[in-house]
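Let the sequences and hints guide you as you build the complete structure.
Protein chains in written order, with our numbering: chain C, 1 to 288; chain G, 289 to 589.
Mixed in with the good hints, there may be bad ones.
As the list claims (entries may be wrong) - Some chain C residues judged to face chain G by a derived CB distance under 8 Å, without partners named:
{"#": "1", "residue": "P12"}
{"#": "2", "residue": "Y29"}
{"#": "3", "residue": "I32"}
{"#": "4", "residue": "F40"}
{"#": "5", "residue": "E42"}
{"#": "6", "residue": "G43"}
{"#": "7", "residue": "T91"}
{"#": "8", "residue": "R99"}
{"#": "9", "residue": "L110"}
{"#": "10", "residue": "M125"}
{"#": "11", "residue": "C157"}
{"#": "12", "residue": "S254"}
For the record, the hints were derived by calculation from the structure and aren't laboratory data.
Note that the coordinates shown come from a computational prediction; the quantities given were computed from them, not determined experimentally.
By construction, the Cβ of each residue, glycine as well, lies at the ideal position given by its N, Cα and C atoms.
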Amino acid sequence: MTVQSAIRRRGPLERTLAAHSWLVYLFFYAPIIVLVVFSFNEGRQVSIWQGTSLRWYRQMLEDTALLTALRNSLIVAVASTLVATALGTATALAMERFRFRGQRVYDGLLYLPIIVPEVTLAAMMLVFFIQAFDYIGRITGSVPNLSLTTIILSHICFNISFVTVVVRARLAGLDPGLEEAAADLYASRWKAFRRVTLPLILPGVVGGALLAFTMSLDDVVTTSFVSGPGSTTLPVYVFGMVKKGVTPVINAVSALMLLASMTLVFSSLLVQRGGSARARKRKKERKA
Amino acid sequence: MARRSKAALETATAVTPELEQGATRAESRRGFLLALPGYAYLVIFFAVPMLIIFVYSFGTRSATGKTILGDWNLESYRRLFDDFVLGVMWRSLWLALATTVICLAISYPFAYYIATRGPRLRGLLMVLVMIPFWTNFLVRTYAWRLILGRNGPLAAVLSFVGVDQPRLLFTNTAILIGLVYGHLPFMVLPLYASIERLDWSLVEAARDLYANGWKAFRKVTLPLSMPGVVGGTILTFIPSFGAYIEPELLGGAQTMMLGSFIENQYYAVSDWPFGSALSFVIMALMLAGTILYFRRGGRTV
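Structure, rendered in structure tokens:
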């Protein structure tokens, strides 16, 4: 990289840029640090330090409604991630490797769930389900309720888009020659996919799935619109707690949620790094 | 794969146009079938709901808050021009614009700094950006409530310096801080991507031709990183315009934004036709805006 010679030599500007960047990092991490620190705070006041204690963590574990919400969150996240990953990967393959009729319309439709404001998506889902339930009620005589199922169905909707975007990015960077070579060597289509394409896009698929999982675990707005009695998820529950009045238990829950998301980030980074490390190794072998 | 089968057909001896057409058609059918499950899902659970709220927006709210379909009218659209509604829209618009401008001002030098480090450090610095980006959004916004609170850490730091903290929580400023915090990564990522890709020999060439640093930046670096600016601006503006969590947690009764206003229509006042009209118009405006912006601001993002 002969990059920076032109930029590097300017001393004061360089130092200002560096200082600015560290301030931005401070801005990024200050809330996270504050939250974790205060989750160990003994006192009832959420933002005044009164000594270390695990009191709020203990109280959190005794909150059965909270534990149910956590379980609901996990069910929704796993189910919607599985379905969205399957549908999204198939879609990404179709969009990148085939030409078919209606493709352009689908291309537009795919990005809509990401672009549309969340409250709008949530409202659309709510009205849709209520209207659909009305019809179902008229036909079968019993009206279904908003439930975990409606939450899962709504999450799949935006997760298909996220998975597709991630897998497509991976596919676009791949050499289609590899698949063609497999086909030239008389591999069947399915075999070429399983032995060549799938291993190559796997980091993308896993990355997309982790993004979907995180999005589902994070979602408040859509979920709170389409959740029924007894189907509250963890973020919706926490959101309700915060709005009702702040108790230090929220700090403990939040700190644990932070820990969970960070674990997810690191595992996704490891997966992606593993993918690129393998690719680098392959490249080296090819050169040798 | 389409290319391969075409190539194979070309090298085969007697290729009739019908045969080739048939092969293309089979290929096209395969692609369609592969896309079908996802396609069908989004049609049923996204396109149809969109159509339904469009229909609802012409309905009427009954005295009990039920939506009467039939007796179609434009009342909900007329109410979009009520002073109160315009006020909410105006507040959302300027808060989203301010968020976008502040994010851009913070992110450009930041992304530039990261993108001009060595490859190893660059990767690490970007990971440090990604970690907060992936951690729970609600929780990170909630943390600002602790920080900005009357007896919170910020007040402690300020009083140590000898400054009295003004009331921040439940004001527009608090919302703005929350919005900037939440959307900063959306600006940093595209900016970084486009600055990192930049062909630095062009900058050097400009310098060799005696452009000063500022001029080289304005004439070369900035135009070349425009796709990142466009992408980041859209990714920041759109979600902050419809933001719901930040104003709910950090704002007060006087600072309502569109997200909460729409939510109110579905729950507090249960006026679904009006809520639907609002949703639909905002969606249409966003889409039109995005398309126009992309058309004007460069094609590759």
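**Report entry** Violations among the numbered hints, reported as their numbers in ascending order
**Finding:** 1, 4, 5 and 6
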